[in-house]
Amino acid sequence: MIRDGGCSAPPEAPFALVAAGEKGITLTAVNAAAAREGLGSGLGLSDARARCPHLRSTEAEPENDARALLKLARWCGRYSPSLNRDGEQGLWIDVTGAAHLFGGEASLCGDLTGSLARFGFTARLGFADTLGAAWALARFADGGDAAAIAPAGETPQRLNGLPIEGLRLAPDTITLLKRLGLRRISELRRLPRTSLQRRFSSQAVAQAVLTRLDQALGERKEPRAPLTPPPRYLARAAFPEPLISSAGVETALGQLAHDLCARLGRELQGTREIAFTAYRVDGSFAEIRVGLSAPSRAADHMVRLLDEKIQAIDAGFGIDCLTLAASAAETLPPEQDVFVTQGTRAAPGHLIDRLSNRLGAPCVFSLGPRASHLPERAEQRRSPGALNEPWAEDPCPKPPRPLFLFARPEPIAVVAEIPEGPPARFTWRRVMRRIVRADGPERIAPEWWQAIGRSSRKDRPRDYYRIEDEAGGRYWVFREGLYQAQALTGVPQWYLHGLF
Amino acid sequence: MSCAYAELQVTTNFSFLRGGSHAHELAARAKALGLSALAVTDRNTLAGAVRAHIAAKQEGLQLVVGARLDLHDAPSLLAFPRDRAAYGRLTRLLTVGQRRAVKGECDLYLTDVADHANGQIFIALPPDDWTWRPADPGNQEFEKALRQVNERLDAPLYLAASQLYRGDDRSRIVALSALAARCRTPLIATNDVLYHEPERRPLQDVLTCIREKCTILQAGLRLEANAERHLKGPDEMARLFRGYEEAVSQTLEIARACTFSLDELAYEYPDEPTPPGKTPQQHLEDLTEAGARWRYPKGVPDKVAETLKRELALIAELNYAPYFLTVYDIVKFARAQDILCQGRGSAANSAVCYCLGITSVDPAQIDLLFERFVSPERKEPPDIDVDFEHERREEVIQYIYRRYGRERAGLAATVICYRSRSALREVGKTMGLKEDSLSALAGIMWGMRASGEPDTYVREAGLDPTDPLLQRTLELADELMGFPRHLSQHVGGFVLTRGPLSEVVPIANAAMEDRTVIEWDKDDLDALGLLKVDVLGLGMLSCIHKCFDLLSAHYGRQLDLAGVPQEDPAVYDMLCKADSIGVFQVESRAQMNMLPRLKPRKFYDLVIEVAIVRPGPIQGDMVHPYLRRRDGIEPVDYPRPGPEHGPPDELEDVLKKTLGVPLFQEQAMRIAIVAAKFSAEEANQLRYAMATFRRRGTIDQLKDKFVARMVARGYDPEMAERCFKQIEGFGEYGFPESHSASFSLLVYVSSWLKCHYPAAFACGLLNSQPMGFYAPAQIVRDASEHGVEVRPADLNWSLWDSTLEPGAEQGWALRLGLRLVEGLRENDAERLIERRHDHPFENIDDLWRRAGVSRATLERLAAADTFRSIGLDRRQALWEVRALSDAKPLPLFEYAKARETGPDPAVQLPVMALSEHVVNDYQTMRLSLKAHPMEFLRAQLRREKVLSCEQVRALKDGAPVCVAGVVLVRQRPGSAKGVIFMTIEDETGIANAVVWPKVLERYRKTVIGARLVLIRGRIQRHEEIIHVVAGRLEDRSAWLLALAEGTRDFASPLARADEVRRPSPGSWHPSRHPRAQRIIPKSRDFH
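Note that the protein sequences, when read in sequence, are chains F and D. Oh and the first sequence: position 25 is 25 in my numbering, straight run, nothing missing. Oh and the second sequence: position 910 is 910 in my numbering, straight run, nothing missing.
In short, the hints are calculated from the structure, not lab data. Glycine is no exception: its CB is placed at the ideal position from the N, C-alpha and C atoms. Accuracy of the hints is not assured; some may be wrong.
[Said to hold, decoys possible] One side only, chain F facing chain D, incomplete, derived with CB under 7 Å: (1) R49; (2) C52; (3) S195; (4) R443; (5) I444; (6) W449; (7) G453.
[Said to hold, decoys possible] Taking lysine-lysine pairs in the PhoX-like style, the calculated list, with each CA pair at most 25 Å apart, reads: (8) F/K178 <-> D/K930; (9) D/K725 <-> D/K705; (10) F/K398 <-> D/K144; (11) D/K278 <-> D/K309; (12) D/K677 <-> D/K656; (13) D/K677 <-> D/K57.
[Said to hold, decoys possible] Some chain D residues judged to face chain F by a derived CB distance under 8 Å, without partners named: (14) A225; (15) L469; (16) R472; (17) R882; (18) A883; (19) L909; (20) G1009.
Looking at chain F on its own, in the form it has when it is part of the complex (with noise of 0.2 Å):
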C-alpha cells in the first residue's frame, strides 16, 4: 500500500517517502514511476538520486501511516465484525459466514476492491480457508490486480504453487529455505519433517516452519486477535418523556458532567474536548463542542463552559437522549483535593477557558520571549496555558530594555556628534528635548536572513541609546545606518523605539 495522498507531486512523477536509519536517509516506499525508474524501498536517498535527479521526496510518517490503518481496519468492519491490522501494511477480515451478504465471495471483493480504489489505496485481496493462506495469496499469487481466491477445499493446492515467502516466515529461515533449493511450498511440504526439522538452529526455528506450514493449511488453529473497541469515555441519559425546556437540559447536563468526570477520574484521565450532543426525537440532533486549555476532570468546570452555549440548542419537538463525550482524553495524575470551597479563587486555567470560550481562541494569549536581537521582535505570543514557563535567560547580559516600545518606531529629528554620539537634543511629536544623560550605542544588526530576497529593504545596522531629557523622561532611540557607511546606504535616519 503506498501512501499517495497529501503530496503535491503529480502521481506521474517519480515520488518516494524516505526516513532516517542507520545507514543514512533510505526510501521507505516509491510511487509507480519511482519504481518504473528502478528505484525501491531500502535504497539509500543518495544513490537514488543519482539514479532519478527528479525524485521527489518527504518524510515517511509511519505513526499517521499507522492511525490510517487503523481508520481503515475501523471502516472495514462493514464487512465483519471480526478483522484487525496485519504488520504495517496489511489487514485481515474474517468474513466467514457473512460473504452472501454481498453477494458470495467474489463479489465481496470486488466491492472491497472498489471501495479502496476509490479512497486512493492500491490493494491486493487474498481469500482462502485459512488466515495464512489468504496472507500468501494477497503478496504471492500471480493473476494481475483480481483477487487471489481459493475456492473453500482448495487451498493446499493453491499454497503449492506459491513461494516459501508465502508462509510468514523470517528472513534468515527463507534465506536457508533458498538456499537448500526449497522455492515453492511444495517443495517444503515434500520433505520428511524430521529431515527438515534437523536443519534448523533451533528447535523454536525448526517448529515456527511447520506451525506456519500447518496454519497455512489449516491442519493447525491459528489465534486472531480482533480489534476492539477504543476506551471511550461517554455520559448518557436518556428521556422517556422528551425534554422541551433547556432548564431541564442544564439539570440533565450537571448530572452528566459528573457521571462522565467519575470516570475519568477512575482511569486518571483528563480531557482536553468535550462533546454535548442532543438528540431530538425526530432524529435530528445537536452538538456543541469545547476545548479545555489543559487537560481536566473538573465536573463543574466543564458544566460552566458548556451552561454559556446551551441555550443555542432548539429543543424543536423535544429531546429524548443526551450524550456527553472526551474526545481528547490524556492522562492526567490526580490532584489533592481542596478543602476549602466557599470564596476561594478560580484557577486561572479556568479563566482562560471562559475568555476563550467567549471570546475566541486566538484573542486570549500569552507573551513569551523569542531569541532575537531586534527588539521588536523579542518577544511572541504563545499559547495562553503557558503562562507559567519561566523566561530563558540571556546569554549575554544586554542593557534594560523599554517597558513600553512603540509598534512602529517614529522618526525624530536629532543634533548628534558623529559619528557615534548620543543625540544631544531632539524633536519628537514636535516638542524639543534637551538631553542631559545618555548611554550607548548598542548595536543591532539586521537579521540579514530575514532579509533574503527582499532587496529594497537596506541592510543597515542600528546604533540604540538610552537617553534622558531635562524633565527626567527617559527614551530609547536609534540612529538607523552608520554616518561611516553613509555614501553606500544613505544618510542615517533617527527614530524613537520605546519609552522608559
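Using the hints, position chain D against chain F.
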C-alpha cells in the same frame, strides 16, 4: 592624528567553526588598514600558525605567534611567546593539554600554564557574560580569578578590553580600567576579531549554527548581535578607546617584545643514524661506497662513480647527509625484516639512494639529474617518500616510534577542508533547506568538481536557480569551501627531530590508538623547511614480494627489485598490446588506451607512460603533441624566446628528453624559472599556490606574471598559456618525473612477472587483495586466458592464501585460496588446514570430528562450494552441514543419538542449475570458474541480435553495435569533462564503452545503477583501441536476478520486480535480504 595599533586577539578559521576568515584574508586586511602587527590566537592550537606566518610574510606584516588558552579553572588567556625558548614551552603546554584530552580537545589548567609561563606575555580575557556592575557576583569572581592568575604566572599579564557595542561599553571600560589598576594588570585594547571585514558576518553566523547544530532561524541569541568583530584600523581603535590611549599603544609594546618568528624553527636532524666519532657526511660517504660495491660487484661504472661524487658534494653543500641517513636507517630496518620497499621523491632517484638501497632504479639505466631535483638556489628540503608493503607498513611505523620515541616522532596532520558538497550540505542545513533539496543538489554534484555553471546543475536538480534563498545558500557555501573543518592524520608523513618534537609543534592524539599527530600538515612543514619522511603502504610491493617468494619456492629463482632482468623485449611486446591487467599503474582504462599509442620500448618510455595520463599533461594539451612527435609526424621543436632575450636553446635542456613537450611537474617548474624568469621565491609561491591554498586570486596573479613574462621574452602566448594550464593541472595531482621513475620500476617488475610467470603473478595479486583496479574475477580470468590452469577453492586442497600446485600438463596450476571465501575468518581456516594435516577429509562426519571449526564456518565453506572433493555440491553440503548438531561430536554416542532422533532419511533436494551455481559462486567468492553468467543469457541475447564482446572487436570504425555485459568498472575522470567510461564483461572478454554527457543525461539511472547493461551505439576505432560510443542503454540487471532464482523466464524479467503491482509486504520481501540483493559484486566506481 597619527596612531598605531597591533591587533592581538584574532581568531582564524583554524578555531574550527568559530573564526570566519582565512589567515591570508586577515593578513591582507591588516596590512591595508595599516596595523603594525597581527597576532593569531586560535583556541588551544597553533594549527593555523604556519599559514598565518606565510600570509603575513607575503604582506610584509609582523606576525605575533600566539594562542588563546581556554582553561578549566581560570579565565581564558592569550599567550605570546617572546623568543624561541618560550615558543617551545607554549607548544609543550599545548601538547600536554592535547595528549591528555580526547582527539580534537585540550584539557588545560592554570597549573599547567604556570609551569610553562616563563618568557610568555599573557593577556587575560574577561568572560563573555562579565558585566561592569560591581554588585554582579561574576564581577567579583573574575577579580578574584584575575588576581590569582597574576600571582601564579611568573610573566607579564595584561587585561583585555574590547568595544563590543553592547550599549554599556563606556561603563565597561571604566570598570575594567579600575579593575586593571587594582590588580596591576595593565589594560590593553583588543577587538576580539572573528573575521577580516564586516561582510563576513553572515558566514560567521552560519559557522555558529553549524557548531550549535541549529538552523539560522533557531540560532537566536547564540549569534552575534552585530558585525563589529572585524579588523579595525588604528584611527578607529583610537576613537573607540578615547581616554585610554595607553591601552592602544601598549599593543605595540607587546608586538615589539614578541620577536619570535616561525622562521627561527631551524630543523635539527636526529643523530641516531650517525655512529659516534663520525660526521654524518663521512658516514654517508662510507655507506655509499660500501653500497656501490654491493650494487656493482664487477666494479662501479665510471659514469656512476662520477655521479656519486657530484651528488655527495651537493649533499655536503646543502648539509643533507643526516636526512639520507635517517631514511637509510628506516630502509635498513625494513630490509632486515624482509619488508620490500622502494623510495621515490625528489631526492630518491639519485645514485646515492641506489647505493644505499633506498631505490632500485639503476642510475646507469636512467639519466635523472639529481641537481635538477635538489638545487641549492631553491631552498626546498629534500623529499624522499618510501613505499612499503601495505600489509607490513605498521611494523615500520612502530619501529620509528620505538627508535625515536613519541617525544621526537610524530605523524603530520592532514587538514580536512570543506569541499563543495560538504559545504553545501552544511550551509543548506543551516539555511533550513529541506533534506530533499539538499540531496538533490548533492546528487547532481556527483563528481562535478564545481566546474560547470552552477545554474545548470541547480536546474538539473529540479530547483530554481533564481530563488534568492538558494542563491544565498550557494554563495555562502562557496565562501565556506576551503575552510578547514578538522585535522586528520596524514597517511604516513613522519616528522623526526633531534630535540623534543613537542618544542617545535604541538602534538595531539590521533583517532587511531597508539598514534600521535602534530598540528601541522605537510605543506606547513614544507613551508618551514621541516623534514618529513613519508612512510607509505603500497599493495603492489606486497604482491611483488609474494611473487618473489613463489618464484623462489616453485621455480628456484631468487630475485629482488633490482635483480629482475632489464629491458626484456617480451615484456615491452606485452605492454604494447595493452595486456596489462594487474600490472602496477598502467592497468587503468586510460593507461591501457595509451599503451598501444605510446608503444613503450625502453624503461624511460614507461616513466613517460606513467606520467602522461595525468590531469597535468591532459589539461595542458600536451599528450597529442608528444605522441605526434614520437611517431615522427611532427618535428621535434623547442619553444624559444626572442633572440634578444636569451639563448634560443634555453628550454632544450629542460625539454629534451620529452621531445620538446613538457610532461613532468619539474619541467613546468623549470619553465617558470628558465623562461618566465621566476625567482626562487616566486617559484616557491607558485608551488604553494598550486599545491595547497588554491587561492583563486593568487593563482590568477601568478598566471598573469607567468604568461606576461614569457610573452615579453618572445615566447608564443598560446604556448605560455598551455604551460600554465598544465601547472594548474599538476596542482591537483602533482606527478613529477622523480616519482614516475620509481613507479616505473614497479611497472616493469610487475609486467615482467606477468609476462614470464603469469600463475605466480595472479597468485601474488590474489593474495594481496584488495588492491588495484580489478576484482579477483578479472585477475583469475586474465590468468586463465594466459594459459594458467585455475583450480577452485576446496576444503581439502586449498590453503588460506592462493597457492601454486603441480599442473596437469606442465608447469604450475593456480589453486584458489580459502581467503576468497566471503566471511571466512583466517584463524578458522588455519585451524581447519592444521587439522587436515596430510589426510584429506573423507566425508562429512570425518570433517566434523576432525576440523574443530564451528558449524557456521562449515556452512560458509559449503556456500562457497568447497566440498567437491568429498563429493558434495553446495546444496547437498549445506543440507549435510545443517544436520550436524552443535554439540561437540563424540563418536561413542553417535549410535545412541541416531537412535534418539531417528535416522536421517535420504532426501532428494531439487538440483541446482548451473546458472544458479555460477551466481552463488559470485556471491560467495566474487568469481566463478564454472562459467560466466552471461553464457546463460546468450541464447536470449542472440535472439535480440546482441553481439559478444569478442565480436565487437572485429567491427569496423563507425559500425553500429549492440553489446551487453556485466559492468566491471565505471570511471568518470576529472579531466574528461563529464564523460563516463564503462567497462563491461561477458563470457568472451571485455568491451569498453564511452558515455557522453548528453547520453548520460537520458540514461543516468542505467549508467549509474545497472549491474548488467545492454548498450547500443557505434564503434569508434583508433588503431588497437576500440570503444563503443553509447547511444542507448538498457538496464538488464533483472536478468541476473532471474539467474539467481534458477528460472529461465527472461521474457518478463520485471514481473517480480514491480513494486507497485506487487505491493511489497514489508520486510518479508525477498529482495530486501542483503544476500539476494547483491547478485554480482558491485562494480568498482571511480570518480
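Structure-based check of each hint:
no.: 1; hint: R49; verdict: holds, 3 Å
no.: 2; hint: C52; verdict: holds, 5 Å
no.: 3; hint: S195; verdict: holds, 5 Å
no.: 4; hint: R443; verdict: holds, 4 Å
no.: 5; hint: I444; verdict: holds, 5 Å
no.: 6; hint: W449; verdict: holds, 5 Å
no.: 7; hint: G453; verdict: holds, 3 Å
no.: 8; hint: F/K178 <-> D/K930; verdict: holds, 21 Å
no.: 9; hint: D/K725 <-> D/K705; verdict: holds, 14 Å
no.: 10; hint: F/K398 <-> D/K144; verdict: holds, 24 Å
no.: 11; hint: D/K278 <-> D/K309; verdict: holds, 19 Å
no.: 12; hint: D/K677 <-> D/K656; verdict: holds, 19 Å
no.: 13; hint: D/K677 <-> D/K57; verdict: holds, 22 Å
no.: 14; hint: A225; verdict: holds, 4 Å
no.: 15; hint: L469; verdict: holds, 5 Å
no.: 16; hint: R472; verdict: holds, 5 Å
no.: 17; hint: R882; verdict: holds, 4 Å
no.: 18; hint: A883; verdict: holds, 5 Å
no.: 19; hint: L909; verdict: holds, 5 Å
no.: 20; hint: G1009; verdict: holds, 5 Å
The structure shown violates none of the earlier numbered hints.
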